[in-house]
Amino acid sequence: MADRCNLLQQINEISFTVNDLNLYLDTHPLDENALDAFKQAMEQRKQLLQTYAENFEPLTMNCICPDTNNKSQTKTKYPGQRHFTWSDGPLPWEGGTL
Amino acid sequence: MWTYEKRLQFPVNIKETCPKTASLIISQFGGPDGELAASMRYLSQRYTMPCKEVGGLLTDIGTEELGHLEMICSIIYQLTKNLSVEQAKTAGFDAYYVDHTSGLWPTAAAGVPFNACEFQSKGDAITDLIEDLAAEQKARTTYDNLIRIIPDPSVREPLKFLRAREVVHFQRFGEALEKIKSDLDAKNFYYFNPEFDKQFVKKPADQG
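Going down the list, the protein sequences come from chains L and Y. For the first sequence, the positions run 1 to 98 when full-length UniProt numbering is used. For the second sequence, the positions run 1 to 208 when full-length UniProt numbering is used.
The hints are simulated quantities; they were obtained by calculation from the structure and are not laboratory data. Computed from a predicted structure; not experimentally measured. Beta carbons are placed, not taken as given, at the ideal position from N, Cα and C, and that holds for glycine. Some clues are possibly wrong.
Claimed, not checked - Cβ-Cβ distance ranges computed for the label pairs, FRET-style: (1) Gln-40(L) x Lys-198(Y): 35 to 43 Å; (2) Gln-9(L) x Ala-116(Y): 34 to 42 Å; (3) His-100(Y) x Asp-3(L): 55 to 63 Å; (4) Thr-17(Y) x Leu-30(L): 45 to 53 Å.
Just chain L, with the same shape it has in the complex (with noise of 0.2 Å):
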């Protein structure tokens, strides 16, 4: 099972990456080493919020799924039930991951 404040943590680094390219990259649309750097990170943030959206809660929208969400069946209200998923977990505002 995958460590909860491992994985947000490591989700929190690569979204700054995402994040802080994509600024440069309004300003610097052709750079190639910038584009490349975008593409891997954009991949590896695509893959860790599937990952903990399986293991844990979904953390936006698109990785809301009642079926494959949360296996670990922590931080919910309704373990053992199908249900929406969207209100399994802590509120980013409690800091109670890390």
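Starting from the known structure of chain L, arrange chain Y on it as the hints suggest.
Here is chain Y on its own, set in the frame of chain L:
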């Protein structure tokens, strides 16, 4: 259109209640150089930007500022969520407590409520981008001031992250200003409005 991502841009984990610190940091929520004003400034200015790339940059930075707003509110929330009556009475949080309890409400540290006059959307690309450059520096100065007077490392770390983002946004807005200038006649930068007086702006075909 926006969608929500259920995480903070940078983690906030504060254990120690401190209404005094919250009453200072709240300026970066609803104060003159706060994140709410930043987000509304860029997301309002973008519609009339004559250059598509700059409209896109304002959208992306305005969106990131919403994430910063969420971080600031999380800091204030965590600093006050276990507030005792005794703590509410002291440390300069009493007036806020009377009106809002521990609820989040956008105001400056000095007590002035959030006001749209704290940012400009002038409908002139040069004017607005220079305002944006100044706004990023003013926010950076505010973070410098906060970091100097706040000792708790769990509060300082997210503030240091936010301070660094102001520096990056300043850099990107500088590049955006250069992009707008490159679409103008080099002799005429400052005495017409490139958003309104469109006849002076080079058409794409002229750019070679």
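35 to 43 Å as the expected CB spacing between Lys-198(Y) and Gln-40(L), which holds or is violated
Check passed, 40 Å falls within 35 to 43 Å.
Assuming the hint says 34 to 42 Å, is it satisfied by the Cβ distance from Gln-9(L) to Ala-116(Y) or not?
With Cβ atoms ~37 Å apart, the hint holds.
Range hint 45 to 53 Å (beta carbons of Thr-17(Y) and Leu-30(L)) holds or violated:
The hint (45 to 53 Å, Cβ to Cβ) holds, given that Thr-17(Y) and Leu-30(L) are roughly 51 Å apart.
Given the hint of 55 to 63 Å, is the C-beta distance from His-100(Y) to Asp-3(L) inside that range or not?
violated (38 Å)
The structure fails hint 3 only (numbered hints given earlier).
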